[in-house]
Amino acid sequence: MGKSLAEFLQQSLDNVEPPKTYDALREKLKTIQPSRKPPVVKQSPENRRRVWSSTLTDPDPE
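Heads up, the sequence shown is in numbering that gives the first Met the number 0, so the first residue is 0 and it goes up one at a time.
Everything labelled a hint here was simulated from the structure, so no lab data went into it. Virtual Cβ for every residue (Gly too), placed ideally from N, Cα, C. Treat the hints with care, as some may be off.
Derived pair list, reagent style EDC-like, types lysine to aspartate or glutamate, alpha-carbon separation capped at 20 Å [to be verified]:
no., residue 1, residue 2
1, K29, E16
2, K27, E16
3, K2, E16
4, K27, D13
Restraint-style ranges between C-beta atoms, simulated for each label pair [to be verified]:
no., residue 1, residue 2, range
5, E6, K29, 25 to 33 Å
6, L8, E45, 47 to 55 Å
7, P44, E16, 48 to 56 Å
8, Q42, P17, 22 to 30 Å
9, L8, S43, 23 to 31 Å
10, A5, P44, 53 to 61 Å
11, P17, S43, 29 to 37 Å
12, V15, V39, 33 to 41 Å
13, K29, L4, 26 to 34 Å
14, E45, K19, 19 to 27 Å
15, Q10, S43, 47 to 55 Å
16, V39, E16, 50 to 58 Å
17, F7, I31, 17 to 25 Å
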């Protein structure tokens, strides 16, 4: 199993074509990565206070 997996990975690597130019690489990366950023999670002041107070009162887990 291990050898066949290694052979498969090597064949996959051999099949990858390097981009001709950086523009082609940039376009390929744009298709792979999502164009929009993930939404920012906004924290309410009450929740922030609760989290902060729990870090002060809880003993260190380590």
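To see whether the hints hold, each was checked on the structure:
1. K29 / E16: At roughly 17 Å apart (the allowed maximum being 20 Å), E16 and K29 satisfy the hint.
2. K27 / E16: holds, 12 Å
3. K2 / E16: Given pair K2, E16 is violated - Cα atoms ~24 Å apart, limit 20 Å.
4. K27 / D13: holds, 18 Å
5. E6 / K29: 25 to 33 Å: holds, 32 Å
6. L8 / E45: 47 to 55 Å: holds, 50 Å
7. P44 / E16: 48 to 56 Å: holds, 53 Å
8. Q42 / P17: 22 to 30 Å: violated, 44 Å
9. L8 / S43: 23 to 31 Å: Given a distance of about 47 Å, which is not inside 23 to 31 Å, the answer is violated.
10. A5 / P44: 53 to 61 Å: holds, 54 Å
11. P17 / S43: 29 to 37 Å: violated, 49 Å
12. V15 / V39: 33 to 41 Å: Holds: the Cβ-Cβ distance is about 35 Å, inside 33 to 41 Å.
13. K29 / L4: 26 to 34 Å: Given about 31 Å between the Cβ atoms, the range holds.
14. E45 / K19: 19 to 27 Å: Violated, at about 55 Å.
15. Q10 / S43: 47 to 55 Å: 52 Å Cβ-Cβ, so the 47 to 55 Å window holds.
16. V39 / E16: 50 to 58 Å: Violated: the Cβ-Cβ distance is about 37 Å, outside 50 to 58 Å.
17. F7 / I31: 17 to 25 Å: For I31 against F7, whose Cβ atoms are near 21 Å apart, the range 17 to 25 Å holds.
Checked against the numbered hints given earlier, the structure breaks hints 3, 8, 9, 11, 14, 16 and satisfies all the rest.
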